[in-house]
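Hey, can you work out the whole structure from these sequences and the hints?
Protein chains in written order, with our numbering: chain U, 1 to 350; chain G, 1 to 350; chain S, 1 to 350.
Some clues are possibly wrong.
It does not matter which identical chain is meant; a pair holds if it fits inside one copy or across any two.
[Stated by the list, open to error] Quick list of in silico lysine-lysine cross-link-like pairs, BS3-like style, CA-CA up to 30 Å:
hint	residue 1	residue 2
1	Lys200	Lys46
2	Lys319	Lys46
3	Lys319	Lys266
4	Lys306	Lys269
5	Lys306	Lys333
If you're looking for bench data, these hints aren't it; they were derived computationally from the structure. Just so you know, these numbers come straight off a predicted model, no measurement behind them.
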Amino acid sequence: MFVTIQQLVERIGGGVKQGDAAVSVTGVEGIERAGPGQLSFIAHKKYSPHLKTTNASAVIVPDSEEFWSAATEDSPVLIAHSQPYYAFLLALRIFHPEDTGIKPGIDPRASIGENVGIAPGVHIGQNAVVEDRAEIGAESCILPGCYVGRGAKIGSETTIGPNVSVMHDCELGNRVRVHPGTVIGADGFGYVQQGGVHHKIPQVGKVVIEDDVEIGACVCIDRATMGETRIKKGTKIDNLVQIAHNVQVGEHTIIVSQVGISGSTKVGKNVVLAGQAGLVGHIEIGDGAIVAAQSGVANSIPANMKVLGSPARELGREKRIHVLIGKLPEMAKRIKELENRLAELEDRTE
Amino acid sequence: MFVTIQQLVERIGGGVKQGDAAVSVTGVEGIERAGPGQLSFIAHKKYSPHLKTTNASAVIVPDSEEFWSAATEDSPVLIAHSQPYYAFLLALRIFHPEDTGIKPGIDPRASIGENVGIAPGVHIGQNAVVEDRAEIGAESCILPGCYVGRGAKIGSETTIGPNVSVMHDCELGNRVRVHPGTVIGADGFGYVQQGGVHHKIPQVGKVVIEDDVEIGACVCIDRATMGETRIKKGTKIDNLVQIAHNVQVGEHTIIVSQVGISGSTKVGKNVVLAGQAGLVGHIEIGDGAIVAAQSGVANSIPANMKVLGSPARELGREKRIHVLIGKLPEMAKRIKELENRLAELEDRTE
Amino acid sequence: MFVTIQQLVERIGGGVKQGDAAVSVTGVEGIERAGPGQLSFIAHKKYSPHLKTTNASAVIVPDSEEFWSAATEDSPVLIAHSQPYYAFLLALRIFHPEDTGIKPGIDPRASIGENVGIAPGVHIGQNAVVEDRAEIGAESCILPGCYVGRGAKIGSETTIGPNVSVMHDCELGNRVRVHPGTVIGADGFGYVQQGGVHHKIPQVGKVVIEDDVEIGACVCIDRATMGETRIKKGTKIDNLVQIAHNVQVGEHTIIVSQVGISGSTKVGKNVVLAGQAGLVGHIEIGDGAIVAAQSGVANSIPANMKVLGSPARELGREKRIHVLIGKLPEMAKRIKELENRLAELEDRTE
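This is how it looks when you write it as structure tokens:
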């Protein structure tokens, strides 16, 4: 596909700051690997020197001269844009239109239970199992090997699988994507100890996943004991994340790989939980809060606070503490010296 | 379903301390969400004030007046019980009797190998694969998409799946539950380095899961190199847990989500391993020990000891250490001040 | 199977240092559990005393007298070998020749798309799905319930599954093993935030797994945003590991369970990443580096460096720091004492 810079700008926005808008590009690539005929981008100043060396034919740059002052007349065509990374994403979509090769229709090897509701345009792949009373919304794809339990509801334009398990009565919204191997609605981990034995608490609640949520591979989101575990609109969850029973996650939150959230904890909207962070149960993480990687959060966090460490503390202070921990050998030496000097002084002044 | 308080007390125990035992309830709910016609419970004193405000029709309370002194004559019916949480669990089972909708029988889309033993009342779902010489005990359920390898043995009233893999020769006891996506009996992670290459050590042992064990979703329990990896009776394992080859886990132990246990480690009975804790290989965790969340355990732990931290230390001491780590900036300042004051004093007394 | 010590030595190397080479053994076992008729080994001096007590009929020992000076004339036959653990591995393979019971052929319940290339000797199990244009190399096994996406390429003598998902266009080399539940080629976790919403960056790259790589159960290796995520020859990956988009892992590296590697990070060859370690994105781990368990690596690491801790520091220094952290209560007391003594001295010398 040939697209001229002029055509591109009409679709992704921005303006040509240098070079010939009639030049055409055929694909996209990162600034270090891009070759002739390719479009690239820079979003940070530290990449500006690449403008002198890149083989790209065109580069999207931030809309501020300081980013492209390094450019020479041999530099590629420059497209200035207020959001260069977002513009690049739009260009990526132009050159790589999604084509999953999936066509509407129910594969004869799929198992469809009784009283299942299937809207128009749905694809159900080989060996998928859709149990009684489940509902699948328009243009959704249930990929091979998926399991959709009794009474589960899948919205429209949602894709799950392959090999995903959505257990009974759980609900997924519209435009939800669930990557392979993920389990939605397994029983929460709840027992009452009595007579030295752990008695299982029936987990009679469900999971609700709202619209536009994306869930990675091998993620576990447990059903509520009673009521619901809920992931709100637009939230994105990476691989191998654990979300326990009765957790609530707000809108547009980012949960990075291998995070664990314990039971009944409420995570706000626009929160970031970085990789391998762990949250205890029954706490609240305020809107806009950021939990750094590997942090262990044992207490509620107010809105917009950034925390780090295990146990987690305010980010700036914890960074200072990490520096001081790194200096503990010197600190120990200074204490020893103080003791020696003080003892000498005490002797001298007796 | 209408159940009178009188009927309830006959089934779950306890005694009516206030209100009319002829009142009936139709369901259960948490104290904050319970409405008219619902039964709830409190187990801790901090929830006692809810007795004044809850809309529940009846509440199970601990068998001690201090818990219900907050009640007024407008409060719901009070059922005093020595184990209110356990009593609530029993009530939950009354109002939510398990009904999986699963009926005995082998789905025609299941694959059954040669010389497979299938006891009466077994359910084998769509696309499940049961390989040669496997045995499935009475009333067990192999849900859709499960794989049961050659010679594997599944006990009675055990449920696995969907999409669970139980590899060849592994053994599951009676009343075991395995949630979706879990893998039992993959090869242990063992190599010998020779000539710069990692040579695989054949993993010829198996996994044995004893009676009444519950295993969460996406859990990995590796087969032994030789001999067996064993999870003993009544132990409960949460999602995304890693249990390496030749590990032994004792009876009635709790292993919370994302814990990792390295090879050949022995975990005692009634142990608690909290979320994201990691144990190195070839150590022993004594009976009744508690390992706090995110701890890293590099040495054996005696019975009943509680540990925290990475590296893990005795809980009480480590909590003090965590407080002191939080005060390191002040500690550094105090050392600096001591140095200044001491230098001044040294000057003065020269 | 009876094998004489003489026959064994001819196949695994080493030499008989004590006892009768005509003695035969019928199996292998660890030194503490080995009984009559069994072969065992010791590789560390601390196990030498077992030579006096073991019931094994023969023991492989290191090729140095100090290891077997504890032996008596009642001790088992001793085979001295320069690499006793490797020799034991070879013996293990003799007594446990791999027999998966899997025969070439495509099960009628497998789904094979259009223009799929299937080399001779391939096994494709029940309910496996191989999509259009995929290629499966000679003697490879696609076990039941596996999904192989459009255009994916699987090399020769490679085994995947059961219930593994290899997504479209991903490539696996020869003699690769992928254990159950693993997902190769799910979308990388990439979004651009714009207008309070996370816009998905199309993930149009792929995953390349080179020859002789082994991948555990429930591992997630994400496809690249553009280009490729690559795992090089001979690397071994344990269960529940997360490898993000565009990561490169060098040859013969060991990645232990529950490790997480963030996007675009480059891990060298012969590296060891121990259990639950986490690596941020866009860093480089030099060849031969070792990252200890639970470490959090936020910066690049030079070749052969060993690091520990979160944040990770040089191993030796971090071990001293861990000791000092353990002594913080005493350190705080010493500072308090210094302050008291200094105040007293200041009073005295005023």
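Practice item. Return the numbers of the hints above that this structure violates; sort them in rising order. Key: none
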